[in-house]
Amino acid sequence: MLKPTKMTRVVIAGTKDIMETTISTLHRLNVLHITDYTEESVDFRIGKPLKPASKFSEYLLSLRAISNQLGIMQKEPTSKHGSKELPSQVDEKITTLQKEVSSRTDELRAIEFRIKEKEDLISAVKPFFGLPLALDEYYGYETVKVYPGYIDTDIEPGISKITKNYELFAGEHEKRKIFALFVPKVFEGDVQKLLQEERSYVEIKVPELKGNPPIILDGLTKEVTALRERHAAIKSELDSIKKEYSDFIMAADEYLSIETQKAEAPLRFATSPNAFIIDGWVPSRKYPEIESRLLENTGGMVHLARINEKTDDEDIPIELENPGPAKPFELLINTFATPKYKEIDPAAVVFITFPLFYAIMLGDIGYGIIVAIMALVVKNKFKTGELNALSLILLLSAVLSVVFGFIYGEFFGFPVFNMEEEGEIVHGILGAGPAIAGLHLPIHRFGEVQLLLLITLIIGIVHIFLGLVIGFRNIAVEHDIKHAIFAKGSWMMILIGGVAAISKLMPAMMSKSPVPLSDPILAGGLVLGIIGVMLLIKGEGFISVLELPTLLSNVLSYSRILAIGLSSAGIALAVNTLAMDLFIRPDGVYLGKGILLALAGVVILFIGHLINLLLGILGPGIHSLRLQYVEFFTKFYEGGGKKYAPFGYNRKYTEE
Amino acid sequence: MVDPTQAGMVALGAGIAVGLAGIGAGMGEQAIGAAAVGAMAEDEKFFGKGLLMTVIPESIAIFGLVVALILLFVF
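In order, the protein sequences belong to chains A and B. Residue numbers for the first sequence follow our numbering, beginning at 1 and rising by one. Residue numbers for the second sequence follow our numbering, beginning at 657 and rising by one.
Worth flagging that the hints you see were computed from the coordinates, not collected in a lab. Be careful, since some hints might not be right.
[Stated by the list, open to error] 25 Å max Cα-Cα, derived PhoX-like pairs, lysine-lysine:
{"hint": "1", "chain 1": "A", "residue 1": "Lys286", "chain 2": "A", "residue 2": "Lys512"}
{"hint": "2", "chain 1": "B", "residue 1": "Lys701", "chain 2": "A", "residue 2": "Lys327"}
{"hint": "3", "chain 1": "B", "residue 1": "Lys705", "chain 2": "A", "residue 2": "Lys327"}
{"hint": "4", "chain 1": "A", "residue 1": "Lys652", "chain 2": "B", "residue 2": "Lys705"}
{"hint": "5", "chain 1": "B", "residue 1": "Lys701", "chain 2": "A", "residue 2": "Lys381"}
{"hint": "6", "chain 1": "A", "residue 1": "Lys643", "chain 2": "B", "residue 2": "Lys705"}
{"hint": "7", "chain 1": "B", "residue 1": "Lys701", "chain 2": "A", "residue 2": "Lys222"}
[To be verified] Here are a few chain A residues that face chain B, going by a calculated C-beta distance under 8 Å:
{"hint": "8", "residue": "Thr78"}
{"hint": "9", "residue": "Thr550"}
{"hint": "10", "residue": "Ser559"}
Each residue gets a CB set at the ideal place from its N, CA and C atoms; glycine is no exception.
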């Protein structure tokens, strides 16, 4: 918690004959983060991949091509393949699959091409429906030129001026006038000119086919139908292949990936003609395991050494370490940046503050329950990965939202407990609210804006102060206390001093009474703030004064906790008022204006709350996260660590 | 307390605060939003970061809202 896992640097050395055993032992353990060997020297060079590497990657390539052609999607495994049986099957099955699949996909592509061809012909033939000629009558003349095309105007007078020796056919296709003009070739130039002057003239190409257009069209359509049937048949064959082999393909993909990974591992080692050296990092608590396993499997032929010499912290891989409930929140940390080795990992803090901010914003029993159910559904659907982590985060936030829903007394925007509004009692669903620990529920959000605004600002001050404290610690560890005081201590003083001064100044200014300069809190705050500013200028230069206002805007930014909540509660209230007072219960009488209007009211209720719910997941989520990233993290977080990526594989479809 | 005859002015002020702040936030967000969508077109992994960047100017709108709330409820 709070700190990344402690790492130990390990160097493993041995002779080449036990390299394979070492690799497979390490791969199975899945704990060693290998540092790639890059600097070649006379004695040590980068290792060569093991023999089967090229074979495996070739298989993998063809397998992935097949899986692409079949469109196989990742899914949760139904059963696991033993990796004993897979090696014997891989060669044979991949060859058959390749034959079956590629011949079919080739045919599919050919068919698609032919369908396209035929469809183009169909659309070329259609315009000629408007003219009374067979298609072969349009071409093949030696002395006659044919002009088929669309035109809006009557060209006959123009043509007859050029020659009397012509034939003109006219008709209509899809409400456009179509014509075909036959003239002797000697007049080609003149006719061409005449047509070009007509703006509405559009030339059409005659497809080189024989027969009457309707008959040709009929034939073409039949051909297309036949082709489509064949296409569908092949598709369904491919589907059945996909169904039969998809488990195998995924298992084989995993098996081959693992084998390729193992075979290519020596590329990361330093090797001499007869020996190899692996350099890497192991979580310190796992070192004994890796040592005993390696010695056991190689018969003590391998040498391990823990290196204690100081290394650059930047080389150490980072694995975040948090107890179960806070684990999903590592996702939010890693999305921002991976911390450095000596930095605080804030996942445990975010585990508390993120759901808290979310809940204060959403704060509705009904919405909380629905979001919780949605989170549970997603959690059950995705057992691992980012979506699982996200659903756990959402679940926690939603449960807390229900708690705040009780405090605010809101259920889909309806009052849960009785409350007073402008002197009148509004009756809640559960009647009078209970008093818990001297706190009389509900604390309604619209009634207590001033109080809640103050609370959110206090939350902001505490949160930012916490960020500065963590930043102080980070700098003290990385540099020294002096630096920490200049860089973070100064800000803490300014924050506390500023808050103390403003808490006294504001009431005085509001009531227009004289500023109580002699007040010890005000004076102390001012002095503390000024000392802070002086420290800041000494540590970071005069330019840092420009950053002072950001502190104020950071604190004010927390007022969004109230604002987002109020807007969500406001929308809910508006929807409820609209639906209840106008449709379902006009003038205080249920179904006062008939059942149909009441039903319309129910629809309004449903749609309104659905929209508000969607906004209610997105808004509080993003803004709560933003407060962490922008206001909190910037006070201490640098990030830039290397993520711990152990040599190994998390098997999903196969087992050893 | 505000003079009852001036209560409308408070409401107007609140409306102007929210409205202008919203316009400002929108102007800020349009550039970021466009850039975020562009980044997402290159690589879908930018969705989270893009969404976050896009809401950063939303602070301005929230400041406006807070001013309006103070006007309506505190004064």
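Right, here's what the structure says about each hint:
1. In summary, the hint linking Lys286 (chain A) to Lys512 (chain A) is not supported, as the alpha carbons are separated by about 67 Å, beyond the 25 Å threshold.
2. Of the supplied pair hints, the one linking Lys701 (chain B) and Lys327 (chain A) holds, its CA atoms being roughly 21 Å apart against a limit of 25 Å.
3. Restraint check: the Cα-Cα separation between Lys705 (chain B) and Lys327 (chain A) comes to about 21 Å, which is no more than 25 Å; the hinted pair holds.
4. Our distance criterion of 25 Å between C-alpha atoms is broken by Lys652 (chain A) and Lys705 (chain B), whose separation comes to about 29 Å.
5. With a C-alpha separation of about 21 Å, the suggested pairing of Lys701 (chain B) with Lys381 (chain A) holds against the 25 Å cut-off.
6. For the proposed pair Lys643 (chain A) and Lys705 (chain B), the alpha carbon gap of about 19 Å is at most 25 Å, so the pair holds.
7. Between Lys701 (chain B) and Lys222 (chain A) the CA atoms are separated by roughly 47 Å; this puts the pair beyond 25 Å, and the hint is violated.
8. At about 28 Å, the closest approach between the beta carbon of Thr78 (chain A) and any beta carbon in chain B exceeds 8 Å, and the interface hint on this residue is violated.
9. Because the beta carbon of Thr550 (chain A) sits about 11 Å from the nearest beta carbon in chain B, more than 8 Å, this interface hint is broken.
10. A hinted interface residue such as Ser559 (chain A) counts as satisfied when its beta carbon comes closer than 8 Å to some beta carbon of chain B; here the least separation is about 4 Å, so the hint holds.
The structure does not agree with the numbered hints 1, 4, 7, 8, 9 stated previously, though it agrees with the rest.
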